[in-house]
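Taken in sequence, the protein lines are chains W and L.
Under the numbering used here, the residues of the first sequence are numbered 1 to 226, in order.
Under the numbering used here, the residues of the second sequence are numbered 1 to 289, in order.
Please keep in mind that the hints were generated in silico from the structure rather than gathered at the bench.
Predicted, not measured: the structure shown is a model, and the values here were computed from it.
Keep in mind that the hints are not guaranteed to be accurate.
To be verified - Cβ-Cβ distance ranges computed for the label pairs, FRET-style:
| hint | chain 1 | residue 1 | chain 2 | residue 2 | range |
| --- | --- | --- | --- | --- | --- |
| 1 | W | Gly-36 | L | Ser-37 | 30 to 38 Å |
| 2 | L | Pro-55 | W | Asp-84 | 27 to 35 Å |
| 3 | L | Glu-33 | W | Asn-140 | 32 to 40 Å |
| 4 | W | Gly-210 | L | Lys-282 | 53 to 61 Å |
Stated by the list, open to error - Lysine to aspartate or glutamate pairs mimicking EDC-like chemistry, simulated, CA-CA at most 20 Å apart:
| hint | chain 1 | residue 1 | chain 2 | residue 2 |
| --- | --- | --- | --- | --- |
| 5 | L | Lys-153 | L | Glu-256 |
| 6 | W | Lys-195 | L | Asp-27 |
| 7 | L | Lys-282 | W | Asp-194 |
| 8 | L | Lys-153 | L | Asp-27 |
| 9 | W | Lys-169 | W | Glu-200 |
| 10 | W | Lys-195 | L | Glu-256 |
| 11 | W | Lys-39 | W | Glu-100 |
| 12 | L | Lys-13 | L | Glu-256 |
| 13 | W | Lys-169 | W | Glu-133 |
| 14 | L | Lys-218 | L | Asp-27 |
| 15 | L | Lys-282 | W | Asp-59 |
| 16 | L | Lys-153 | L | Asp-11 |
Here a beta-carbon is modelled for each residue, glycine too, at the ideal position from N, C-alpha and C.
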Amino acid sequence: MNLFDILGPVMVGPSSSHTAGAVRIGGMARRLLGEGTPKRARITLSGSFAATGRGHGTDRALVAGLLGMRPDDERIASSLHLADEAGMAVTFENANLRGEHPNTARIELTGASGQTLCMTGSSLGGGRIMVVELNGLRVNFSGDLPTLIVQNEDQPGHVSDVASMLARKNVNIATLQLYRDHPGGNAVMVIEIDKAVPPEGIEWLRHIDGINGVTFLNAEEDSHGD
Amino acid sequence: MAIESLQALMDAKEDIVEVILESDCIDRGATREDSLSRMRALYAAICRASAGYDPSLRSQSGMVGGDGARMRAYVAQGRTILGEFAGQVIAQALEMGESNACMKCIVAAPTAGSCGVLPAVLLPYQRREGLSEETMVRALYVAGAVGQVIAQKASIAGAAGGCQAEIGTASAMGAAALCYLGGGDATAICHAAAMAIKSLLGLVCDPVAGLVEVPCVKRNAAGAMIAMTCADMALAGIRSAVPPDEVILAMREVGEKMDVSLRETGLGGVAATAFGQKISEKMLHIPQD
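Isolated chain W (complex conformation) (with noise of 0.2 Å):
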């Protein structure tokens, strides 16, 4: 852990792990869909989030991502009402998540375009995340660097056009993850680098044959606390 892991994260109480990591999962899933404010929410709480979640505030901590809050942000205390403010309903229920860490939210999003999308996410302790599963994929990245995240058809080659644009706008790749459900079905990959992509290049990669979907994540700034 860096010093900043140790002192901080700045944040709203009263738990890292069930409030200040809960928002930045609502806010991940907020930032996935791309496209502000969603319409409609279903959150599903497992495990520790179900059991101590109403005492921890991690309701009102999602709902507060979900409006793009920061875990600092004090506002995160009347998320409900604001939710219902900007025209955002939410619904709560809670479920065994089998195999899930225990503090772990599933989230199903339906924005205003019409667009949904379904992730699950944990919260690892500190305020750190794990984003676990995205649209019926398991997936495994944070968001703390930059991160590319396509979803293609699962066919040869597109791994390679993926790395020829990074290479070509010259973004160094610190991880890269491939991902699908069978042989020839949807395929995700997460790619985690070094810095943002330039929007050219994400542009490029959405008019490729087979792949369905692409989504930039730029690092959070808070995403070690500050």
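Starting from the known structure of chain W, fit chain L onto it as the hints suggest.
Just chain L now, with coordinates in the frame of chain W:
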């Protein structure tokens, strides 16, 4: 590279704040100015959090709130057993812990549940001694490095090591920072931290209803008192008989031996009392606000 042991700090030839600062720059690929400005922002956030205390707030369970103000009023009467300064320290620890439980903004140090210890020992001391913000920022580097070593060699999570890992670590960080501000050298600083850990060794994490409220808030006051005690002992020239890094390893071992019911599960200690179970039951039926 991160500071790996307290011995490394004690062996350092230069000013330890410079050593810690340099190691942070390497660790995060940051410049010296980046690191310092981030630490200044953190100290400013601690001061803001202290100023933002609201005695009228109550936590979600209703168990926590208003005690910081109660303590300040008592200190103002001038009859505290520990004296005025220690009274201010206790009040600051309670206020920060209460702010955390009531969803106000705080600075985790090292965790949200133990966020009151460091501000409690630093803010009243800065006021009393008239120290500059820059000096306080340097003390934060010392506190952070001690926390970093504990995180590497043992744990700073209640779920892994019990409350000794949270309040114990915060107290060690506070003792080190105070000892630095009091003019102690690297050896005194590391021994202050070790004595604080030993004083809290074995402390279990037993939050009522799993909430960061009871007994967490008041343990911040206790952790701050131990930090002051150990800083003063170290400044007097008293040393931990057990070498500081070995004390941290003992903390790890005690954490590993601790039953899971005593590690942030809300199943043992004061959480398992009849009162604790009643609150736990009540929290399941609390209406959505």
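Could one say that the CB atoms of Gly-36 (chain W) and Ser-37 (chain L) fall in the range 30 to 38 Å?
-> 31 Å, holds
Is it true that the CA of Lys-195 (chain W) sits at most 20 Å from the CA of Asp-27 (chain L)?
-> 18 Å, holds
Under the criterion that the straight-line Cα-Cα distance not exceed 20 Å, is the pair Lys-169 (chain W), Glu-133 (chain W) satisfied?
-> At roughly 29 Å apart (the allowed maximum being 20 Å), Glu-133 (chain W) and Lys-169 (chain W) break the hint.
Holds or violated: are the alpha carbons of Lys-153 (chain L) and Glu-256 (chain L) at most 20 Å from each other?
-> This hinted pair holds, its Cα atoms lying about 12 Å apart.
Take a look at whether the Cβ-Cβ distance between Glu-33 (chain L) and Asn-140 (chain W) falls inside 32 to 40 Å.
-> 34 Å, holds
Gly-210 (chain W) paired with Lys-282 (chain L), Cβ distance criterion 53 to 61 Å | 55 Å, holds
Does the structure keep Lys-282 (chain L) and Asp-194 (chain W) at a Cα separation of 20 Å or less?
-> 48 Å, violated
Hey, Lys-153 (chain L) versus Asp-27 (chain L), does the alpha-carbon distance stay inside 20 Å?
-> Judged against 20 Å, a Cα distance of about 17 Å means the pair holds.
Sort out whether Glu-200 (chain W) lies within 20 Å of Lys-169 (chain W), counting only the CA atoms.
-> Satisfied, since the Cα-Cα distance of roughly 10 Å is no more than 20 Å.
Are the Cα atoms of Lys-153 (chain L) and Asp-11 (chain L) separated by 20 Å or less?
-> 18 Å, holds
Verdict for Pro-55 (chain L), Asp-84 (chain W) (Cβ pair) under range 27 to 35 Å = 29 Å, holds
Under the criterion that the straight-line Cα-Cα distance not exceed 20 Å, is the pair Lys-282 (chain L), Asp-59 (chain W) satisfied?
-> 18 Å, holds
Violation of the numbered hints given earlier is confined to hints 7, 10, 11, 12, 13, 14; the remaining hints are satisfied by the structure.
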